[in-house]
Each structure stands twice: as C-alpha cells, then as structure tokens.
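Peer 1: Protein sequences, first through last, are from chains C and F. For the first sequence, the working numbering assigns the number 1 to the initial residue and increments by one for each residue that follows. For the second sequence, the working numbering assigns the number 1 to the initial residue and increments by one for each residue that follows.
Treat the hints as calculated values from the structure; they're not laboratory data. From the three backbone atoms N, C-alpha and C, an ideal C-beta is built for every residue, glycine too. Any given hint could be a false lead.
Covered, in the sense of this in silico footprint (three residues per stretch, anywhere, with C-beta under 8 Å from a C-beta of chain F), are these stretches of chain C [what the hints assert, rightly or not]: (1) 127-140; (2) 200-210; (3) 225-234.
There are 2 protein chains.
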Amino acid sequence: MGGDQGPATTVPAVAAFLRRHPHTRILLFGAARELPSLDCYGGRLTVVDCPQRLDADERPAQALRHKRESSLWRALAAVATGEAAACVSGGETGALMAMSIAAVGMLPGLVRPAICTLLPTAPGGRVGLLDLGANVDCDAELLHQFARMGAARLQVEGVANPRVALLNVGAEGGKGNRVVKAAAALLETDPSLRYTGFVEGDQVLLGAADVVVSDGFVGNVALKSIEGVARLLLARLRGSAAAIWRRRLLRPLLDSALSFLDPSQYNGASLLGLGGVVVKSHGAADAAGFGYALDVAHTEALGQLPERIAARLAVAGDAPAAG
Amino acid sequence: MGGDQGPATTVPAVAAFLRRHPHTRILLFGAARELPSLDCYGGRLTVVDCPQRLDADERPAQALRHKRESSLWRALAAVATGEAAACVSGGETGALMAMSIAAVGMLPGLVRPAICTLLPTAPGGRVGLLDLGANVDCDAELLHQFARMGAARLQVEGVANPRVALLNVGAEGGKGNRVVKAAAALLETDPSLRYTGFVEGDQVLLGAADVVVSDGFVGNVALKSIEGVARLLLARLRGSAAAIWRRRLLRPLLDSALSFLDPSQYNGASLLGLGGVVVKSHGAADAAGFGYALDVAHTEALGQLPERIAARLAVAGDAPAAG
Chain C
1 MGGDQGPATT VPAVAAFLRR HPHTRILLFG AARELPSLDC YGGRLTVVDC
51 PQRLDADERP AQALRHKRES SLWRALAAVA TGEAAACVSG GETGALMAMS
101 IAAVGMLPGL VRPAICTLLP TAPGGRVGLL DLGANVDCDA ELLHQFARMG
151 AARLQVEGVA NPRVALLNVG AEGGKGNRVV KAAAALLETD PSLRYTGFVE
201 GDQVLLGAAD VVVSDGFVGN VALKSIEGVA RLLLARLRGS AAAIWRRRLL
251 RPLLDSALSF LDPSQYNGAS LLGLGGVVVK SHGAADAAGF GYALDVAHTE
301 ALGQLPERIA ARLAVAGDAP AAG
Chain F
1 MGGDQGPATT VPAVAAFLRR HPHTRILLFG AARELPSLDC YGGRLTVVDC
51 PQRLDADERP AQALRHKRES SLWRALAAVA TGEAAACVSG GETGALMAMS
101 IAAVGMLPGL VRPAICTLLP TAPGGRVGLL DLGANVDCDA ELLHQFARMG
151 AARLQVEGVA NPRVALLNVG AEGGKGNRVV KAAAALLETD PSLRYTGFVE
201 GDQVLLGAAD VVVSDGFVGN VALKSIEGVA RLLLARLRGS AAAIWRRRLL
251 RPLLDSALSF LDPSQYNGAS LLGLGGVVVK SHGAADAAGF GYALDVAHTE
301 ALGQLPERIA ARLAVAGDAP AAG
C-alpha cells in the first residue's frame, strides 16, 4: 500500500517479479478490496488482507502504537516469525525504521539500522554507500560496524573480498575530522576487512572502492547532491533538446546517460543491522523501480545477509590491536 | 607562480583583467626571469621579483618558516600592509591557509578562515556554499559565524538581504545531528540574519537559498559529489557523441549544459574571516578560470568584505535571545 501510487505500482512489479523468479512466493499485505484479482500465479501469490492504513504524515511513534493491523506491521511481523524471508515497502522511512526495529529487532550491539544503497559506478560496477541518513551522530565504533555490514552486503552481490573505504575530505592520511581519523585507525587494524583508505566525494562513483562508509549525515548529503545534480543536468539537456528533430536524435544518447543514474535502477535501500531482510523502495518509484527493490530483497535473502552481518559483528570484539 | 601552469595561466589572465577593469592595478609576485615583458599597461602592472619558490608538496609549517621570500608570502604581506587590496593565488590550499593566517591575520573570534564558493543555481542565480573543508570539526557557534560571513559575502554580490539556510538531511524541524539542531536554534534567533531553515543536498543548486551553511566536512563532500557527478555525466555524453556528425549537432547543447557547472565559471574560493581579501584559484584553472578568481577578489575588495564580516561578527555577542 506504500509509495505514491500504492497497488498501481506494487502489483505489476510483483507480477513481473514472480515471472523473473519462478521459485519464489509473494505475500502481498494490503487492503484486499483495493487489489485486482490475483489468482493466476498457481498459489505463489497470497494476498493478506490488512484493514488498517498508515497516514502519509503519521508519526512513527504513533504508527508503532496504533497501527499493528497495518500492512507494514503485518509484513514485518511475517519476517520476524520466519513466514517471510524479506520485506519490501514503499512506505515512509520513519515508520518503516521504527516498526522494523520493534517487529524484526536489531542484531546485538546495534541500536538503529544503517541505510545502504548500491550505486552504479562509471567502470560498470557498483558501490555500496552507507549510512544514508538513519544515524546522523556517529562515533568511530559505529562507522566500524557500518564497514563490516557494508562488506557483508557486497559479498551477497558476489564480491568475494570487498574493498572498503571511508568518505573523507582528502585522500591522504591525517585528513578529516576526529571521528573519521579514529575510524580509520579501527579499520586499518581489522583483519576481517580489506580497508583501502579514504575516498573523496568526487571519487565515489569512479569505482575506487566497493563499500564507502560515512556517518548518516554526510552520506545523505552526498547521495542527495549526486541525485540533485544528475536530475538538474539531465533536465537542462532535455530542455535544450525540445525541438522534435533534435529529440529524435538525442533520445538514445540521453537515455543511455540517464540510465546510468536513473534512480529506479538503483532503487531499493537496505536496512542493515536488523535480524531480517528489510528493503525500502523510494516512494516515487515506478513498477520497474519497485521491481529492483524486490530483487535487492531477493538477493539479500538468498545470501542470508542478516546471518553474515551477525557473524561479522560478532568478531568485532576479537579484532587484534595491530594489523 | 602557483597552479599547474604558473605564469602561462596567470599572465594572460592578468592582462585580460586589466583590460576589463581600467581603474585597477596589479602587483604580480613571482620570478621575474620567468615572466614575459609586461610594460605595456601604463604602469598598472608591476612585477615584484620573488626569488623563493614553494614546492608542490611543501608542508605548510615548513613553508611558513622558511619561505618568507616566496611570491605567496610577499603577496599576502602586501595585503597585510594595505599595499594590495586583495591577493589571488593558485597555490596549495594548505600553504595558502597557513600563510594567510600568519601574514594577514584572523578577525577577532575566529581561528581559521572558512572557504566559500559561489555556485550557479538552476534559476540563473548563485548560491554561496561554506565551509568547504577548512573546518572539519565545527560546533554550532562556528556554523553561526559561517552564516554571518556567508551573508556578508552575498551582500557584496548585490543581494541586499541574503536568505541563509543550513544544509541538513531533511527539511523539517527536528531533523539533523546535534550540531545542526543547535545551530538552527542560534540562527532562528539572530535578527541580523534572514534564516530560512534547512535545505537538503539536492536543493542546493535549485536556488532556495542564497547562502548554504555546513561544517567543512559536509560542505567538502557535497561540493565534490556535485563536481564528480557533473564531470561523469558530461564525459559519458561526450563519449556517446563521438561520431563527428553527432558532435556537430550536440556541441552547442553540451556546451550549454557544461557551462552551467563548468568549474572555471565558479573558480575563486574566498577565504572568509581574514583581515583582508584572499582568494584561492583552483590549481587546474585555465586563464579564463583564473580571471574569474581575479574578479571574485575585485568584487570582494570593492565591497569591503572583511570590514562587513567584522561588523557582522562584532554584533554576535549582542544578539537578543528571541527573534
């Protein structure tokens, strides 16, 4: 029911997902009377009727207390009981975060999930960026946990030994604020990580690292700056190409540039650190975008991401002091 | 002598500047034997021979101690004595920062300059972004000073009552880390500022504010993220337009998109908080770019920016507690 379009987006995305992944099942939580007839998937699609609805501006604490019959809570509860392997939602981040913590629970040692998104890189790979806004006041130990969680995330993408970097204002040692310098000292001496040093804001998309770690404040500003300027440049180019004859010539060109940073192509932000797989789809995502978020959840569930993260976090206390 | 190309960039830039501004004079500090004959400007261009040279990787503390006959120190000393109204340099930021503080001095209450750059906005205006990396550990009081300095900077551009915003992870009150929330409380109750609230990373270039304030860590990451994705998208478009017939059609289009975020068009970062005008030109800037930096210094000197900033900082203690 979440996202700007609700079932108009999620239902076609789910149908396409079931075709792409013939061995999966979907539990669709929502108001059954608003959903089309969906009995053509041989039992692989089950609608779970949830009468309650979250308001768009509902405060997380409020939702948590009064909306336990909402589709969001019921879907998260299904992850908690093991009935579902993952939950994907286009709902509000605040409510999703609060309900995820309450329904699914955090892994030991963590208070809030970190938000992680995979962005495409110029060489054709991808980079995991975290945290993107859930933790705006971080100490070095928390950045260290982000590094371990991000490495686990990239491993389920098939990157055997992910290169982990810290986002900083310079590439040389000695640069940065107190927290980043302290985090670098922790990462350098962690034998479970392939730490490659600092990267600057203009290097994130160039493929120098597989995981880029920052506090949620910096990561959020970086991601939104990237999205903002990409949208702006493409809008200007599209505007310049308004004449029809030009548009016909330029469309393939613009589309190829656009696809590189098309938000729907990297839709699906992972909430890392929970006891189960929870993925946030952007509220404005279309069916293709929601489908990407479903694929993210599928990959994370198959790769047993929460278990990997738990294993990586558990060795944190055992890290030797020198590398 | 600074920047990647030294006099090959600065000399033509200076010549063009003297043509644009017939009532100005230039003192050109450098190795006289490396400079072309420059006696055709009716006494408006004076070469000051400086035998010492800063090395590219020279440590600021080292430069400060041993390079007082360098062009950089001598030019800054000329600002300190009032012989020059402003200094523009393409040298290393670290050495420029250290020497500026030592030679020109900070205004009362400040320890280090804040770096401020004007970026073009989509509606065709400009936005001043600070700090861009000089102060990576900031408290709310320092962000408050940045706000006052940024407002003064935009005033010398002719913006009578600049709208000042704080860079944050959300636009609503209650969002952000501890420092940003505390800074918002200070800015809200400062009657000398037109504080308009929070802006997010994707709003900076949309013209919602005239001044956007952040700590140097966040500002640096934001600026570099913007520059990085702009360069990347334009390189991809250029690559796609490699065929000659396409290139001919596309060049005007790309150039108009490029000019929007062409670094040479917003070259010239101001070091705010010093007792005089000091502007940093990007090391890779060409003659046109260095010319923009000269124009920035010219505008700031004519607008008596250091005096404006000093006046704004002086009232800081007198601000009433409620707006």
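Peer 1: Are three or more residues of the region 200-210 of chain C within 8 Å, CB to CB, of chain F?
Peer 2: holds (count 7)
Peer 1: With a Cβ-Cβ cutoff of 8 Å, does the region 127-140 of chain C contain at least three residues near chain F?
Peer 2: Coverage by chain F holds for the region 127-140 of chain C (3 residues, Cβ < 8 Å).
Peer 1: Verify this for me: three or more residues of the region 225-234 of chain C with a beta carbon less than 8 Å from a beta carbon of chain F.
Peer 2: That given contact holds, which follows from 10 residues of the region 225-234 of chain C lying within Cβ reach (below 8 Å) of chain F.
Checked against the numbered hints listed earlier, the structure breaks none of them; every hint is satisfied.
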